[in-house]
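Asks: With the hints as your guide, set chains B and C onto chain A.
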Amino acid sequence: MLQVQVSSSISQALDGATTIALNAQTVSELMSKLSERYPRMQRQLDEGIAVSINGQIYRDNWQVAIPADAEVYLLPRIPGG
Amino acid sequence: MAHDTSYTDQKFNVIGSRVSRPDGVDKVTGRARYGADATAPGQLVGLILRSPHAHAKIKKIDTSKAEKLAGVKAVVTSADLPDLTGGDRSMLDILENSMARDRALYDGHAVAAVAAIDRATAKKALKLIKVTYQVLPHVTDVDEAMKPGAPIVQPHIRTPGDKSDQPSNVSGVVPFGHGDIDAGFAEADVIVEKSYKTEQTHQGYIEPHACMASVSSDGSGELWVTTQGHFSFRNVCSTLLGMDVAKLKVTSSEIGGGFGGKTHVWMEPVALCLSRKANRPVKVVMSREEVFRASGPTSSTSMDIKIGAKKDGTITAASAQLRYQGGAFPGIWGMLGAMTSFACYDIKNVKTVGYDVLVNRPKVAAYRAPSAPMAAFGVESTMDLVAAEIGMNAIDFRLKNAASEGSKASYGPTYGPIGIKPTLEAVKNHPHMKAKLKKNQGRGMACGFWFNFGGQTCTDLNIGIDGTVSLTVGTVDVGGSRASMSLIAAEELGISYEQVKTHIGDTASLGHNDTTEGSRGTFSSGMATIFAARDAIEVLKQRAALMWEIPVADVVWEAGSALAVGAAHGNLTPLSLADIARKSPTTGGPIAGHNEVVADNAGVSFASHICDIEVDPETGGTKVIRYTVVQDAGKAIHPDYVEGQFQGGAAQGIGWALNEEYIYGEDGRLQNPGFLDYRIPVCSDLPFIDTKILEIPNPNHPYGVRGVGETSIVPPLAAIGNALSNAAGVRMDHVPMSPPRILKALEALN
Amino acid sequence: MTATLVSTTVNGDAVQFACPNDETLLDSLRDRVGLTGVKEGCGTGDCGACSITLDGQLVCSCLVLSAEVSGREITTVEGMVEGGQLHPLQQHFIDGAALQCGICTPGFLIAAKALLDRNPDPSEEQIRYALAGNLCRCTGYDKIVRAVQSAAVEMRK
Chain A
7 MLQVQVSSSI SQALDGATTI ALNAQTVSEL MSKLSERYPR MQRQLDEGIA VSINGQIYRD
67 NWQVAIPADA EVYLLPRIPG G
Chain B
362 MAHDTSYTDQ KFNVIGSRVS RPDGVDKVTG RARYGADATA PGQLVGLILR SPHAHAKIKK
422 IDTSKAEKLA GVKAVVTSAD LPDLTGGDRS MLDILENSMA RDRALYDGHA VAAVAAIDRA
482 TAKKALKLIK VTYQVLPHVT DVDEAMKPGA PIVQPHIRTP GDKSDQPSNV SGVVPFGHGD
542 IDAGFAEADV IVEKSYKTEQ THQGYIEPHA CMASVSSDGS GELWVTTQGH FSFRNVCSTL
602 LGMDVAKLKV TSSEIGGGFG GKTHVWMEPV ALCLSRKANR PVKVVMSREE VFRASGPTSS
662 TSMDIKIGAK KDGTITAASA QLRYQGGAFP GIWGMLGAMT SFACYDIKNV KTVGYDVLVN
722 RPKVAAYRAP SAPMAAFGVE STMDLVAAEI GMNAIDFRLK NAASEGSKAS YGPTYGPIGI
782 KPTLEAVKNH PHMKAKLKKN QGRGMACGFW FNFGGQTCTD LNIGIDGTVS LTVGTVDVGG
842 SRASMSLIAA EELGISYEQV KTHIGDTASL GHNDTTEGSR GTFSSGMATI FAARDAIEVL
902 KQRAALMWEI PVADVVWEAG SALAVGAAHG NLTPLSLADI ARKSPTTGGP IAGHNEVVAD
962 NAGVSFASHI CDIEVDPETG GTKVIRYTVV QDAGKAIHPD YVEGQFQGGA AQGIGWALNE
1022 EYIYGEDGRL QNPGFLDYRI PVCSDLPFID TKILEIPNPN HPYGVRGVGE TSIVPPLAAI
1082 GNALSNAAGV RMDHVPMSPP RILKALEALN
Chain C
315 MTATLVSTTV NGDAVQFACP NDETLLDSLR DRVGLTGVKE GCGTGDCGAC SITLDGQLVC
375 SCLVLSAEVS GREITTVEGM VEGGQLHPLQ QHFIDGAALQ CGICTPGFLI AAKALLDRNP
435 DPSEEQIRYA LAGNLCRCTG YDKIVRAVQS AAVEMRK
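Residue numbers (the numbering used here), protein chains in the order written: chain A, 7 to 87; chain B, 362 to 1111; chain C, 315 to 471.
If you're looking for bench data, these hints aren't it; they were derived computationally from the structure.
As the structure is a computational prediction, the values presented were derived from the model and not from experiment.
A portion of the hints provided could be inaccurate.
Covered stretches of chain A (in silico footprint by chain B; criterion: 3 or more residues with CB under 8 angstroms from a CB of chain B, positions within the stretch not fixed) [stated by the list, open to error]:
{"no.": "1", "segment": "10 to 16"}
{"no.": "2", "segment": "57 to 64"}
{"no.": "3", "segment": "76 to 85"}
Covered by chain C, according to a simulated footprint, are these stretches of chain B (three or more residues, beta-carbon under 8 angstroms) [to be verified]:
{"no.": "4", "segment": "395 to 403"}
{"no.": "5", "segment": "836 to 845"}
Each residue gets a CB set at the ideal place from its N, CA and C atoms; glycine is no exception.
Okay, chain A solo, but in the shape it has when bound (with noise of 0.2 angstroms):
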């Protein structure tokens, strides 16, 4: 089981929850059981959102893998200049 953590401006979207335990094998499979489980996380998604795993931030590649035990947070998704 997971243990996500989520920064606050996206927990603002998931009802205050700044932990939320589930199963996930890929950053893709995360994301539609949030949408699932948290309806308004679908506006949070289309405005940006990046993952970060074991503290490598992933903005892009939603196939990467999650190894279990992995340390998942949730972050804004960061524009560049």
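Replies: Coordinates of chains B and C only, in the frame set by chain A:
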């Protein structure tokens, strides 16, 4: 085909060599074509009418006289740009920013546009458009906009968490952090608390926004435009104009600087709209004044920083409240500032809160490591103050608290292997630190952090009949990356650099490529190039096997040739790439490699800078006399262009620190929209900028490449603030640290 | 009379065009003569991207009226190539990576050539002040100054 993106430690043949770039001759002879260099038969000149008011209701726009003027072929207002966004608020914001709807939201906001046979006619037509404004109260300062009773910029905005449901200028309040800061500050022996302000700056690219739009009556169109992301522009423009994506072909011209300011559309939707209405090509080129007033500068900010530490130098708590204005539309700039503030350090108790605030100014866009330089100014200045209070060396204080693998970042996740300590050690041991300083001179240093990104990338590698290689990439080349792409293809194929020619493909030639931002160009397109080349090698081996009539398992690729391995094939001479290409018509046709990849995990980037300045105590005039950049690049594909990114970012940061600012009048109008009074550094302002490239491989790229383009703009503001403090004993809290401000601070000392 | 027939020499070639009296040489060169090497960065003489030489003198073409240039000699970046060979400054800019986006490069080349034509052995300070009228936002000027220095060495041989 999925490829493994992990780092493989390997010896390189051509990677790392300082070759001449493929677009070099065109750029030194004037042959290279930028945004304003396109011409089309029957082209019209497009000009935009802009609001002279910071905030006003648009009661009526009468275009009748302009439409009747001989030579005018189209006049457009927001009535010609209906809302086709399907409820997408951020798209509607882009639409409204490109053409005002019911209100003008900043000085320079577009309210109407014309296309005419020549510039003189277009100018006359603009004068004939009659706009009836009802001027409204305006607000341009970030702190003023947060006060109760401030004029509201966007009535639909609510502050998150505010149950009163009242309109607000605060669109975002985002906290980050962990631990217990009250307990942390209670443990501290020394606490420094200080507030800072930074003024608005512009990316200052020398090439103004320019495009040639050509829309046909069958709903298809072409757009030639200076941009950092032609695919992204295609998506946005086709949505706003109701065109099919595949029917709009966008070609990126050479780009004369972007730095984030050309990642968004400004007047391009209006150009397309004019062309559609006139049924002729329309060329729209912004004047320099329009660039300053109506493109996307960066935020002005105010912030409160507090750091507490024990006598032994351990930081026990740190907090920051940061207020960033995003112009007249909601943004995430304050949030980014809050994320990056303490990212360099391992702090047990940390809390940062970013406020995003609306004001009557242009819509803020990213500027090279967006939001990080301002937060770094506040934090890195305060770090020096704390170090001084404890009596510890500024570098040692940072080393003691530097983040490393296993540290919990102040923005949340736990760090993997990172390079902040190596850059600090390199600075500590750099000869610059030992150079003697003269009277009125001082030395300062500062650190900086930025994220790097990957993104959707698509690359084609085609082998010509003579064995030379044509590489088509989709990431716009902002600083010389075509040379790096050619080096990478040459390395993989085992051929010489001169045999590869890299082009930037238009949107009809490739699948989607994300914008060149987030320091992703070389990282992403480089990765796709590696894999496209490896795919091509598989095809080359198959063709060689066919030509030799042996199993493909017996063929290897080495040093640009196919070799038959195994005792049975001892008499077969190697087939070079040219040999195989020449025979390709009869072995299966054109030989190519292709790759789509969502590159990701470009790693995070740390830099440390050292700066010597000299202050003239009579005028407050300050000059940078020596500057050193130390930054981790992972692997420098072409060292000249990595150095170039370090030097360019540093120069922008120096200008930001010492001179550049947007000056608004009481009337809310921008007073200095030109290069005379918006003073960027000139050649005589700067010394040579020394660079040291560290190469700590990124485990998520086959060559170890990290993004490099942005981080260099983050440390200079504080490096200069710290140098000034050491030179003259003044602690500056307002950027730019221009001569009048420094003089005032010096006078206050005495 | 609101228009003028201009007869001038550009990069050694005789050129003739008609233009409104208030048209700048920058616009005429780009839109009538077809030489887009000169760039408009600001239109007010502050950035130097439109630099040309007029009878050997370095000027911003956005501050010159075409109506004034009949009978005079104009040199643009397109005229720097000599006998099919890149001018040493052009070659050293490429070799020294003295350009990133390249938009300011034509102006810098014209300004640097104007400097070296009158002072073949300038100090670093003299180079920096001679080029202070040309803005670059990408490079921080470091590699530009070094390229001018190395080109000057070659040109003195």
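Asks: Now look at each hint and say whether the structure bears it out.
Replies: Hints versus structure:
1. 10 to 16: holds (count 4)
2. 57 to 64: With 6 residues closer than 8 angstroms to chain B, the segment 57 to 64 of chain A meets the three-residue bar; holds.
3. 76 to 85: Coverage by chain B holds here, the residue count being 6 at a Cβ distance below 8 angstroms.
4. 395 to 403: Result for this restraint: holds, n = 3.
5. 836 to 845: holds (count 3)
In this structure, none of the earlier numbered hints is contradicted; all agree with it.
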